[in-house]
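*Asks:* Mind assembling these two chains? They're in different frames, but the hints should get you there.
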Amino acid sequence: MEITTSHYVVLSTLLLLIGVIGILTRRNILVLLMSIELILNAVNINLVAFSAAQQQVHGQVFSIFVITVAAAEAAVGLGILIALFRNKQTVHADEIDLLRW
Amino acid sequence: MLIDTVLFYVLAVLILGSAIMTITRRNVVHSAVWLISTLLGVAGVFLLQGAEFLAGVQIIVYIGGIMVLFLFVIMLVPVQEEAAQRRFSNQKWLAFACAAGVFAMLAVIVVRGVGALSHPGMAEPAGLGSLTKNSESVGLVLFSEYLLPFELASVLLLVAIIGAIVMSKARTRETES
Numbered sequence: 001m002e003i004t005t006s007h008y009v010v011l012s013t014l015l016l017l018i019g020v021i022g023i024l025t026r027r028n029i030l031v032l033l034m035s036i037e038l039i040l041n042a043v044n045i046n047l048v049a050f051s052a053a054q055q056q057v058h059g060q061v062f063s064i065f066v067i068t069v070a071a072a073e074a075a076v077g078l079g080i081l082i083a084l085f086r087n088k089q090t091v092h093a094d095e096i097d098l099l100r101w
Numbered sequence: 102m103l104i105d106t107v108l109f110y111v112l113a114v115l116i117l118g119s120a121i122m123t124i125t126r127r128n129v130v131h132s133a134v135w136l137i138s139t140l141l142g143v144a145g146v147f148l149l150q151g152a153e154f155l156a157g158v159q160i161i162v163y164i165g166g167i168m169v170l171f172l173f174v175i176m177l178v179p180v181q182e183e184a185a186q187r188r189f190s191n192q193k194w195l196a197f198a199c200a201a202g203v204f205a206m207l208a209v210i211v212v213r214g215v216g217a218l219s220h221p222g223m224a225e226p227a228g229l230g231s232l233t234k235n236s237e238s239v240g241l242v243l244f245s246e247y248l249l250p251f252e253l254a255s256v257l258l259l260v261a262i263i264g265a266i267v268m269s270k271a272r273t274r275e276t277e278s
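Chains as they are written, first to last, in my numbering: chain A, 1 to 101; chain B, 102 to 278.
If we strip away everything but chain B, and leave its shape as in the complex, we get (with noise of 0.2 Å):
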């Protein structure tokens, strides 16, 4: 019990000491690999409670697809003139006064709520869909329950790669035409 707190502290300040570097880093190279460090910390707490399955599917999908992707994109940029320039927007102070709002809301959810939530195991588990053997029956319940969601998250993959595909073709002469 004492390592899995320590681990969670340990997870935590990894996960919000990256997440503030990536948004406050000039080059955004930088932020990128911040962020691939965020992404693997937010793997672990995945693991840490017991989602193994879904820990793998954070680094491969997230760190091995999504973040080649946008360091693919980062290589268009010129890096060097960009750390030059100004990283915040004019709205700066309006901005952060946003955030403090959404702040303040969310902690009053939180405070009022964290009564309901301190029981570490509130519900006895269960027949299908319980936890034991993670990846089975996270595939039994995807396969089952959730087809069709399933394979609509496959239609919208299928029109996420022909729109990425339209919209980064290098239009010529003869495809105007």
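Looking at chain A on its own, in the form it has when it is part of the complex (with noise of 0.2 Å):
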């Protein structure tokens, strides 16, 4: 059986899916943080897939400004995390509740 684009777009929905529910349901900022990164790569695999379906390079450059991106974002998070450890003393997101009602 040949692999289609279908085929890699039914593996990038179910780790989105993965990642989703890792998101909703953990309660380590830690872990919530990797979940962000499989999201991410569930949409590098989907422009990478597009693109080779197309015979188009274009979807490859933007998975590189995909990964840069989410570089930014686990470098900014894991700083707010640093601070946030600093101030409160946990890791728990359901245990920073100061902004709620």
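To be clear, the hints were calculated from the coordinates, so they are not data collected in a lab.
The reader is advised that the hints may include incorrect statements.
Quick list of in silico lysine to aspartate or glutamate cross-link-like pairs, EDC-like style, CA-CA up to 20 Å [claimed, not checked]:
| # | chain 1 | residue 1 | chain 2 | residue 2 |
| --- | --- | --- | --- | --- |
| 1 | A | 88 | B | 182 |
| 2 | B | 234 | B | 246 |
| 3 | B | 193 | A | 94 |
| 4 | B | 193 | A | 95 |
| 5 | B | 270 | A | 73 |
| 6 | B | 234 | B | 182 |
| 7 | B | 193 | A | 97 |
Just a few of them, taken from the derived set where beta-carbon distance is under 10 Å, the chain A residues facing chain B [unchecked claim]:
| # | residue |
| --- | --- |
| 8 | 45 |
| 9 | 74 |
| 10 | 92 |
Ideal Cβ positions, reconstructed from N, Cα and C, are used throughout, including at glycine.
*Replies:* In structure tokens, the structure reads:
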């Protein structure tokens, strides 16, 4: 059986779904950031699959930009996490509720 | 063609299995190691589709950069204490319902669109930006057509570096006053 673009789209959908479940259910902020990386990787699989289907390189260039933004996001997110841990001594998302009414 | 099929399914099982392990492990370090395995699988998928340059970027930037950053920050967290606490938040069942909704929506889109995607090679290889010499064509397109976004990405990275340093710097008495 030949592997087509739709196989890659299904793989990327499942990976995105696992990332969404991770973001919504876990308490640890580090795991939340890792789930965001999973979602960004699902997007990259899609972009590269469509790029290969169209025989055009533009999807791969967009993928490079997605990886760049993911690196920036991880650096800023982990910086925020360090500042947060210094103030609250916790990494649990549901214990940081200072702004909750 | 057969080897491609086998490789795809092996990589798909690796990616999805490692992703599930990433979001279910108690220990954050184990999560990070499983995430590295997922990222390696994604790099394999890129190779399978002829995106060699992107596979290299994936390994160097993600595994060499981002995951090392994650592992450094994990050293802050008391891992043993952490592992004894409960993993999932109170809104677990609501979250699963939302995820099921997202899945239903995506499934409808994929099932409806799957007919349009079933041809492995849809278009004829074009001149500039065709996929025959991967790194060369990526570089040509990146530095001609996408030059402005490329420069903006470098500015974004500079802002991210400065922001990360400012936020994680220890604020002592002298710097406050």
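*Asks:* Now look at each hint and say whether the structure bears it out.
*Replies:* Hints, one by one, checked against the model:
no.	hint	result
1	88(A) - 182(B)	16 Å, holds
2	234(B) - 246(B)	17 Å, holds
3	193(B) - 94(A)	12 Å, holds
4	193(B) - 95(A)	15 Å, holds
5	270(B) - 73(A)	18 Å, holds
6	234(B) - 182(B)	51 Å, violated
7	193(B) - 97(A)	18 Å, holds
8	45	6 Å, holds
9	74	5 Å, holds
10	92	8 Å, holds
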